[in-house]
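**Q** What follows is the residue order along each chain.
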Amino acid sequence: MRTKRLTGAIGTALVLLLTACGSDGDTATTSAPASAPTSAAASPTSTAASETIAAPGATTAPAETSGVQTTAGAPAAGTPTELGASEGELNIIVWAGYAEDGSTDPAVDWVTPFEKETGCSVNVKTGNSSDEMVQLMQTGEYDGVSASGDATTRLIQGGEVSPINTDLIPNYADVFEGLKLKPWNSVDGTPYGVPHGRGANLLVFNTEAFPVAPDSITTMFEDGPAAGSISVYDSAIYIADAAIYLMATQPDLGITNPYALDQDQFDAAITVLKAQKALVSQYWALYTDQQAELEGGTVLAGTSWQIIVNLAEANGAKIGAVKAKEGATGWSDTWMVSSKAKHPNCMYQWMNHIISPEANAAVAEWFGEAPSNAKACNLVSEGFCDTYHAEDEDYWNDVWYWTTATERCLDGRTDVTCVPYSDWVDAWAELRA
Amino acid sequence: MALPPPHIDVSMTIAITDLEHPTPRRTGMPARVSRFFRRRRRLSLFATLGAPVAWMLVVYIGSLLVLVAAAFFKLDENSQPTTEFTTDNVTKALTTGAFLEVVLRSILIALAVTAVCLVIALPMAFYIAKVAKPRWRRGLIVAVLLPLWAGYLVKGYAWKSIFAPDAGKFAARKGGGFLEATIGWTPGFGKLAIVITLAYLWLPYMVLPIYAGLERLPASYLDAAGDLGARPFRTFVSVIMPILIPSIAAGSIFTFSLSLGDYITPRIISGGKEQLIGNVIDLLQQQNQALSAALTLWPIAIIIVYLIGMSRLRAFENV
Chain A
0 MRTKRLTGAI GTALVLLLTA CGSDGDTATT SAPASAPTSA AASPTSTAAS ETIAAPGATT
60 APAETSGVQT TAGAPAAGTP TELGASEGEL NIIVWAGYAE DGSTDPAVDW VTPFEKETGC
120 SVNVKTGNSS DEMVQLMQTG EYDGVSASGD ATTRLIQGGE VSPINTDLIP NYADVFEGLK
180 LKPWNSVDGT PYGVPHGRGA NLLVFNTEAF PVAPDSITTM FEDGPAAGSI SVYDSAIYIA
240 DAAIYLMATQ PDLGITNPYA LDQDQFDAAI TVLKAQKALV SQYWALYTDQ QAELEGGTVL
300 AGTSWQIIVN LAEANGAKIG AVKAKEGATG WSDTWMVSSK AKHPNCMYQW MNHIISPEAN
360 AAVAEWFGEA PSNAKACNLV SEGFCDTYHA EDEDYWNDVW YWTTATERCL DGRTDVTCVP
420 YSDWVDAWAE LRA
Chain B
0 MALPPPHIDV SMTIAITDLE HPTPRRTGMP ARVSRFFRRR RRLSLFATLG APVAWMLVVY
60 IGSLLVLVAA AFFKLDENSQ PTTEFTTDNV TKALTTGAFL EVVLRSILIA LAVTAVCLVI
120 ALPMAFYIAK VAKPRWRRGL IVAVLLPLWA GYLVKGYAWK SIFAPDAGKF AARKGGGFLE
180 ATIGWTPGFG KLAIVITLAY LWLPYMVLPI YAGLERLPAS YLDAAGDLGA RPFRTFVSVI
240 MPILIPSIAA GSIFTFSLSL GDYITPRIIS GGKEQLIGNV IDLLQQQNQA LSAALTLWPI
300 AIIIVYLIGM SRLRAFENV
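Line by line, the protein sequences are chains A and B. All residue numbers for the first sequence refer to numbering that gives the first Met the number 0, where the first residue is 0 and numbers rise by one. All residue numbers for the second sequence refer to numbering that gives the first Met the number 0, where the first residue is 0 and numbers rise by one.
Some hints here could point you the wrong way.
Facing chain A, from chain B, some residues (calculated, C-beta under 7 Å) [what the hints assert, rightly or not]: (1) 170; (2) 174; (3) 270.
Calculated from the model, a selection of chain A residues having no Cβ within reach of chain B, i.e. all distances over 12 Å [what the hints assert, rightly or not]: (4) 221; (5) 227; (6) 309; (7) 364; (8) 428.
These are calculated hints, taken from the structure and not from any lab test. Since we're looking at a predicted model, the values are computed, not measured. Built from N, CA and C at the ideal position, the CB exists for glycine as well.
Model the full structure from these sequences, guided by the hints.
**A** Next up, the structure:
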């Protein structure tokens, strides 16, 4: 009897739930236009919008509570004008390999010197993806983050990070001009962080499977020696790689920026990715997963990061890596300070430390990316900055730094709307399902 | 069951005597608290169960409700939740072809895991409960439970290396994994490999309830069936199975629900190629929490339906 009644109750609840969902169709259409003004206001172009965007960071910037002095007339409103005492602690979200304390390799350590010098003990949280980093920053429990361009926009617009006062970061002066005040690390000339370094997503390949090193992105999308053993980065941002492939192979589509795709171009990219599934053996989200397959020789080609290539090679993997000749996606990372930082003084000192010539050189060499501090090139091993094209602005012309796609096309087209990143996410989930 | 003990009346007399000649009143705080609650049965029940029930409601049901509610809020362009109500996410989660496919795949894999577990667990449990010498039983049960002590990831990666196919001439390790090397066949890293790994992981949860059910089966039933001329198969179908059905149903709840919600094993084994519903939810929970929450309606609904089905089979009685 009792089970019957329970069944009945659950059944009723289910029916109610289903009817609720059934009537959704009508409300969905009516609610759509209402959202349009909201997203328009969020676009970073219009000056008025930019001011409202900057507001959350300015109002929530740490003031008396954190021991940082603030004045209204500072370089950027709401940023500190001088540093207070160290808080003794620092909680940061980093990409793997960005905050080494000697535990991976005793010789690789730029955290311990910082701790000794400033008295800030560093707690490192490794973020596995830009999306995870944004999510972690939203908790408000961290002081700062090394964010890539597809996270910075979201962090700035969401008010998770504060503008910075570069006067308090002496090493900022030595940063390459080509990295300063870019769309992904500033709003209207107000810097939101310090550039850390940059790199391209590389085409990694097994040197035994490819006697002649491949140099084309077609390796990833077309039949070849690696078919069935290809490793793909498991994130919606990878759709941009398909767009770069289309830029080279289907110029008729008229793609000029892989992050500015109208619906037709986007659908074409998804079609390419669906076809690619047959060639793929791995979608990696954890860099160690790809590393293991490269070492095992079970992945013969893939999208990779220099750090993975370095780690796998150190373990005996027979691999090489190049930037595809058609261009590549890439990253330009920025250290940003949280608008809810509990240890802003330590975070400012960290930002200054991490782009100091010594630390910046050490990170760049360990991670395998181009340093952001021009003076770092004097400290790295011979030829390093040439290999990574740190000073070669031309090299970066065909590197498409990760950027958050928005409805307003990033390539300047105004006659169409582009597919925003939120739709990229859903499409990627469908593709992977 | 044994008959009620004959001295039951005596104890009742004692109770009555107690009322007539109450023991001298104890004093002190604990005694007073105890008296206070003895006279207020409802209050005492509330004081005992109130905290755990409240915890259950707030932490368990509450978080579940928040999860469901999250599915109905619109996200802005930066994937931040707004206060705007929408049913787009739920519609998308319930109607998109790709999602329906992954839900169906998850159900089939969970059912397959349950079937494999059942086929292996029945003879295992029967042997432990009815065939093995009683002094061995405890050791065998410990042996069944032992794998639960090893780390989940360790077991996942171990199976991956067992399944590894001969990856060809470029592989660092020639000849493939254990299966390829010994019997020359491996299921590879596909759905079958996922089913086998999950069946291995959740097998103890099927063995234990069946073992408990068999322990309650009086040996005299089997003797009686034999005496009446039933062959082993007939005994199994007509005597053992009807008694075991609630136990099997209970065990299947574990294997089915654990498999349905798993997303780490598919990722480890298939390198992210084979996705279950949990993988899609995991992928989306960082990027589109609303759609992710909407997709969790699927496992919630499936498990509710499954539990209703199992309660029909009396899975919640005598376990």
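**Q** Give a verdict on every hint.
**A** Status of the hints after comparison with the structure:
With 7 Å as the threshold, the beta carbon of residue 170 of chain B comes within range of chain A, its nearest partner Cβ sitting at about 4 Å, so the hint holds. Of the supplied interface hints, the one on residue 174 of chain B is violated, with its beta-carbon coming no nearer than about 12 Å to a beta-carbon of chain A, more than 7 Å. A cut of 7 Å between beta carbons decides the hint on residue 270 of chain B: the least distance to chain A is about 4 Å, and the hint holds. Non-interface call for residue 221 of chain A relative to chain B: holds, since the shortest CB-CB distance, roughly 19 Å, exceeds 12 Å.
The Cβ of residue 227 of chain A sits about 9 Å from the closest Cβ of chain B, inside the 12 Å cut-off, so the non-interface label is violated. Every beta carbon of chain B lies more than 12 Å from that of residue 309 of chain A, the smallest distance being close to 17 Å; the non-interface claim holds. Residue 364 of chain A, annotated as away from the interface, keeps every beta carbon of chain B farther than 12 Å; the closest lies near 26 Å. Remark: the non-interface label on residue 428 of chain A conflicts with the geometry, its nearest Cβ contact in chain B lying 5 Å away (cut-off 12 Å).
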